[in-house]
Amino acid sequence: SQQGEEDPQALSIQEGENATMNCSYKTSINNLQWYRQNSGRGLVHLILIRSNEREKHSGRLRVTLDTSKKSSSLLITASRAADTASYFCLESGGSNYKLTFGKGTLLTVNP
Amino acid sequence: DAGVTQSPTHLIKTRGQHVTLRCSPISGHKSVSWYQQVLGQGPQFIFQYYEKEERGRGNFPDRFSARQFPNYSSELNVNALLLGDSALYLCASSPTSAGNTIYFGEGSWLTVV
Chain E
1 SQQGEEDPQA LSIQEGENAT MNCSYKTSIN NLQWYRQNSG RGLVHLILIR SNEREKHSGR
61 LRVTLDTSKK SSSLLITASR AADTASYFCL ESGGSNYKLT FGKGTLLTVN P
Chain U
1 DAGVTQSPTH LIKTRGQHVT LRCSPISGHK SVSWYQQVLG QGPQFIFQYY EKEERGRGNF
61 PDRFSARQFP NYSSELNVNA LLLGDSALYL CASSPTSAGN TIYFGEGSWL TVV
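Respectively, the protein sequence lines represent chains E and U.
Everything in the first sequence is counted per our numbering, starting at 1 for the first residue and increasing by one.
Everything in the second sequence is counted per our numbering, starting at 1 for the first residue and increasing by one.
Among the hints, a few may not be true.
[Said to hold, decoys possible] Just some of the chain E residues that point at chain U, by a computed CB distance under 10 Å: (1) G4; (2) L43; (3) S86; (4) K103.
[To be verified] Label pairs and their in silico Cβ distance ranges: (5) A82(E) to E51(U): 35 to 45 Å; (6) R50(E) to F69(U): 30 to 40 Å; (7) N77(U) to R54(E): 38 to 48 Å; (8) Q14(E) to Q17(U): 43 to 53 Å; (9) P61(U) to T27(E): 21 to 31 Å.
[Unchecked claim] From chain E, some residues computed to sit far from chain U (all C-beta separations above 12 Å): (10) E6; (11) Q14; (12) G16; (13) R54; (14) H57; (15) D66; (16) S68; (17) S71; (18) T77; (19) A78; (20) V109; (21) N110.
If you are wondering where the hints come from, they were derived from the structure by calculation, not from laboratory data.
Don't be surprised by glycine CBs; every beta carbon is placed ideally from N, CA and C.
The shape of chain E in the complex, shown without the other chains:
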């Protein structure tokens, strides 16, 4: 199965600070996707980075990908209380079959 594992499991910061979350995966990928989940809600797609890309930006989000280390990081700059959520990574591309998420990183942004 394809699985991303997020690190740290929990992160608490103050509003305005930056938050960095990491993801490690095990197989070769075509792309890696990051999602946000507010408590009890569905997953919101944040960004997709392809295996031939090293960095991608979307608003306050910056994602990097290191295929040699099988790892990715998500940076949220100038965090806001509304960024409080769980963040998941999902490696995908070979197939959408048996995609499995890790436990995610629970980010708490304190006002």
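With the hints as your guide, set chain U onto chain E.
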């Protein structure tokens, strides 16, 4: 354009009963996947359907079944409900079976009492 829509949003069932959850993918998407998410865990893969055929199944008992209709909508059925089936059930759609952005619905909260 509408996103992935799921119904019902919340439901309560009794042990031993049967439940049907429904999902409408984004228009033009032919792949639908189902996930179970229990509190504190990440989503766990249950099924993937593409072009009305089952393409994959996760480690779930035969009490779980699904199907995809000609309009690409999908149903997840769970028989003989157990307390442990209480979870958020998420549906996801994508244009093809691999390589594209996967979009999730808001989920159906199932409570088994």
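Here is what the structure says about each hint:
no., hint, result
1, G4, "holds (9 Å)"
2, L43, "holds (4 Å)"
3, S86, "holds (8 Å)"
4, K103, "holds (5 Å)"
5, A82(E) to E51(U): 35 to 45 Å, "holds (38 Å)"
6, R50(E) to F69(U): 30 to 40 Å, "holds (32 Å)"
7, N77(U) to R54(E): 38 to 48 Å, "holds (44 Å)"
8, Q14(E) to Q17(U): 43 to 53 Å, "holds (47 Å)"
9, P61(U) to T27(E): 21 to 31 Å, "holds (26 Å)"
10, E6, "violated (8 Å)"
11, Q14, "holds (25 Å)"
12, G16, "holds (28 Å)"
13, R54, "holds (19 Å)"
14, H57, "holds (17 Å)"
15, D66, "holds (20 Å)"
16, S68, "holds (21 Å)"
17, S71, "holds (17 Å)"
18, T77, "holds (23 Å)"
19, A78, "holds (25 Å)"
20, V109, "holds (20 Å)"
21, N110, "holds (21 Å)"
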